[in-house]
Amino acid sequence: QVPIGEGNEPLLSPIEPSDPRGELIREAAVIIWDEAPMAHNAVLSCVEETCRRVMRNDLPFGGKVIVLLGDFRQTCPVIRYGTRRQVV
Numbered sequence: 083q084v085p086i087g088e089g090n091e092p093l094l095s096p097i098e099p100s101d102p103r104g105e106l107i108r109e110a111a112v113i114i115w116d117e118a119p120m121a122h123n124a125v126l127s128c129v130e131e132t133c134r135r136v137m138r139n140d141l142p143f144g145g146k147v148i149v150l151l152g153d154f155r156q157t158c159p160v161i162r163y164g165t166r167r168q169v170v
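Using the numbering used here, the letters of the sequence shown correspond one by one to residues 83 to 170.
All clues stand as given, with none of them false.
Mimicking DMTMM-like on lysine to aspartate or glutamate, the simulated pairs with C-alpha atoms at most 20 Å apart in a straight line are:
| hint | residue 1 | residue 2 |
| --- | --- | --- |
| 1 | Lys-146 | Glu-130 |
| 2 | Lys-146 | Asp-116 |
| 3 | Lys-146 | Glu-117 |
| 4 | Lys-146 | Asp-101 |
| 5 | Lys-146 | Glu-109 |
| 6 | Lys-146 | Glu-105 |
Using C-beta positions, here's what the derived DEER-type ranges look like:
| hint | residue 1 | residue 2 | range |
| --- | --- | --- | --- |
| 7 | Glu-131 | Phe-154 | 18 to 26 Å |
| 8 | Glu-105 | Leu-141 | 15 to 23 Å |
| 9 | Pro-96 | Ile-148 | 18 to 26 Å |
Hints listed in this document are in silico derivations from the structure and should not be mistaken for laboratory results.
Note that the coordinates shown come from a computational prediction; the quantities given were computed from them, not determined experimentally.
By construction, the Cβ of each residue, glycine as well, lies at the ideal position given by its N, Cα and C atoms.
Using the sequences and the hints given, assemble the complete structure.
Printed below as a string of structure tokens:
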């Protein structure tokens, strides 16, 4: 569970390496995240930073395998300077 902050401040998770939840993250072989396209970028960044801190590793997500699931067809493609026809 990631706490949501106000405004544009970065989210910080209270999970520490010595915390039982930190131990659970360390022991996990894979982290599965459903409905990833609906998550705010700040939440994804918070989880990434938390995994690095808990794993004591500077690799992305602390070296953990992350599987992002969801219906990616529901998200709109970004087409810079695209015409209406290209976007729709």
